[in-house]
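In the order they appear, the protein sequences are chains A and B. Residue 1 is where the first sequence starts when you use the numbering used here, and the numbers rise one by one after that. Residue 1001 is where the second sequence starts when you use the numbering used here, and the numbers rise one by one after that.
Worth flagging that the hints you see were computed from the coordinates, not collected in a lab. Yeah, the Cβ is synthetic: ideal placement off N, Cα and C, and Gly gets one too. Treat the hints with caution; some may be incorrect.
Quick list of simulated restraints, FRET-style, between CB atoms [stated by the list, open to error]:
#: 1; chain 1: B; residue 1: Ser-1166; chain 2: A; residue 2: Thr-19; range: 21 to 31 Å
#: 2; chain 1: B; residue 1: Asp-1119; chain 2: A; residue 2: Ser-59; range: 29 to 39 Å
#: 3; chain 1: B; residue 1: Pro-1010; chain 2: A; residue 2: Ala-37; range: 28 to 38 Å
#: 4; chain 1: B; residue 1: Glu-1251; chain 2: A; residue 2: Arg-88; range: 37 to 47 Å
#: 5; chain 1: B; residue 1: Gln-1219; chain 2: A; residue 2: Gly-153; range: 23 to 33 Å
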Amino acid sequence: NALIGTPGDCQPCPCPDRTSCSQIAETGQVVCTNCPAGRTGMRCQMCEDGYYGDPLGQSGAARPCARCDCNGNVDFNAVGICDHVTGRCLKCLGHTEGDQCQRCRRGFYGDALNQTAVQKCRACSCNPAGTSGHVNECHPQTGDCRCLGHVTGRDCSYCEVGFFNLQPGVGCERCKCNPIGSSS
Amino acid sequence: PRPDVHPLPPGTHLLFAQSGRIEHVPLEGHDMKKEDAKAVLHLPEKVIIGVAYDCVEKMVYWTEITSPSISKASIQGGEPTEVIRSDLDSPEGIAVDHLGRTLFWTDSVKDRIEVASLDGSQRRVIIDSDLVNPRAIITDPPNGNLYWTDWNRDAPKIETSYMDGSNRRVLVKDDLGLPNGLTYDPQSSMLCWADAGTHKMECTHPARGDRRQVMEGIQYPFGITSFGKNIYYTDWRRDAVVAVDRYAGKESDQFQPQKRTKLYGITTAYAQCPSGQNYCAVN
Chain A
1 NALIGTPGDC
11 QPCPCPDRTS
21 CSQIAETGQV
31 VCTNCPAGRT
41 GMRCQMCEDG
51 YYGDPLGQSG
61 AARPCARCDC
71 NGNVDFNAVG
81 ICDHVTGRCL
91 KCLGHTEGDQ
101 CQRCRRGFYG
111 DALNQTAVQK
121 CRACSCNPAG
131 TSGHVNECHP
141 QTGDCRCLGH
151 VTGRDCSYCE
161 VGFFNLQPGV
171 GCERCKCNPI
181 GSSS
Chain B
1001 PRPDVHPLPP
1011 GTHLLFAQSG
1021 RIEHVPLEGH
1031 DMKKEDAKAV
1041 LHLPEKVIIG
1051 VAYDCVEKMV
1061 YWTEITSPSI
1071 SKASIQGGEP
1081 TEVIRSDLDS
1091 PEGIAVDHLG
1101 RTLFWTDSVK
1111 DRIEVASLDG
1121 SQRRVIIDSD
1131 LVNPRAIITD
1141 PPNGNLYWTD
1151 WNRDAPKIET
1161 SYMDGSNRRV
1171 LVKDDLGLPN
1181 GLTYDPQSSM
1191 LCWADAGTHK
1201 MECTHPARGD
1211 RRQVMEGIQY
1221 PFGITSFGKN
1231 IYYTDWRRDA
1241 VVAVDRYAGK
1251 ESDQFQPQKR
1261 TKLYGITTAY
1271 AQCPSGQNYC
1281 AVN
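If we strip away everything but chain B, and leave its shape as in the complex, we get:
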């Protein structure tokens, strides 16, 4: 069935998944314009988990677990297109490298991390060992780094590697519970996560390795994304998107859609691509 697609107005938006749809909330400065929140995409037969945004072609990418697949659609309006449809069991986290024009995802049943070109070609497994419940994945394109979480109840961890899977290292393994969400802020070079087990939001500078708590007592975070001074996360208990001022370390706003069901992945759809380039973009 043809889903209805509402083109997004210009500006920066939050995009998040609520089972059968991808919703957006426009941002004005750092404030959510809640009254203008609307579904971008209705996919009523699907359960959408992860969302990612390509700032170059203004496309949203998502993972779906009902008939496991990865698809994309233009946020300016257009038909959804399947990108990956075979050999997936439970695709969850998804990330776009807008410079290298590639797509990364985690599969929590196959327990691996894969990469492909944005059209689905040149698919390759880059990590297939020591993963139990891989979930969130994000890219840092200018530096060529990849970050992901594994909420393995026996040994949760946050890991990093280069974008080809080499130079893999564990960044965080102590005092973690269920690190469901992960985000990287290119301006501050901070990697932040939301943990549904410890109920904390924390950040680290991956190169320096220092660790700092942003907030504690959060309820049940699933997805998380950053934009400037704010971090936004989806919460399974509250069925809401919660805004946190990461410097003040406290909640500043929340958006609760009318429909009360679980919210999953969330991402920031930038009005323009963040500045920076890397080797792959040049060559």
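Next comes chain A alone, as it looks inside the complex:
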């Protein structure tokens, strides 16, 4: 308040990089009005939408505001894609999950970090006849389903060499070929 008439009437704004502030008449509270890029809050202590960090170190060591890092598995047209303090990704796409959308969701397999793949995470889709597990249960990277005895293939859909007749819940039977009359 410049009208009191003391040397301390005007005080510097408590804002970074000498940015501007304004004082709320009723409460005397000071709010920074032009925080540096990526920052917001009364004292520019928060990161804006699309950024995360803790620029003033309010909960531990100070971390400047950085862009949300979600391994390319979020849509730039979305809002609120990561937690503005921890950076935890909140809107993972393409069946990915994790704090950085870094892995495939349960029931899917592939490489969530592969920036060139058209479809990073594919559905397990295990063959219900050949799997001993659930149709949505497979190895997160390879996609291998858990197969019944002598059943093979990524999705457990066919019999091993020397076996035939895939029976749901049972597996495949050994071929009963006469060793004398068979060529293999």
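Guided by the hints, dock chain B onto chain A, whose structure is given.
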């Protein structure tokens, strides 16, 4: 913390969200009085996405995603009040039916559209299927219609229903990209949208179904609102409010706030409510 609230002078204004605040630009005729632009509301801890205006009680309503909630405050000065605070994930678009005294919003994580009375009571889900990225929502109170956009990258669309969610229909689905903004002009009965994928602004007459391009080559629209001959939209690339003369089909002015960050929802705060009434207002 108590935010500072600057009461608005009478007249028509544009209200728009810029992360931690709601700003206003007075309109003189159709011109933005840029030198008189000011923050109406400082909410420095919040990320405000959608804004809507109730012309009856002169209240601004907004959605917020930091601690997902819907709040309101009088534009004549007053404390913000939370209206909806539970069971929200990512509330985005918001619209007021000033005749029925209700509030509608989209939630892009729950993928649904809800309605409640303006005080937050009588909350109800009205649409909860076939939504992927619902965003803008607007009302046409005299005719009892609701309109919304879904920017689903695989199948973007603009839909309509009655205000209870019944009679749902797809209005537009071809040649859409990212329809972020939607507005309805009661005088011309035109529904207009801004698309950040096709970079076009287009309009349709919902009952007739004809479609007309207003402008192309716009950059990255997010929110859009109409007032008479003008359409105003917020742009993520330009960090500005852009005015477009929809009959001339060209940009007429822009307002770039000093603070260079993303602008989100925008709405027109009318000096008076548009004329018209509906069944719910009478009964």
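* Asked: So which of those numbered hints doesn't the model satisfy?
  -> Checked against the structure, the hints that fail are numbers 1, 5, while the rest are satisfied.
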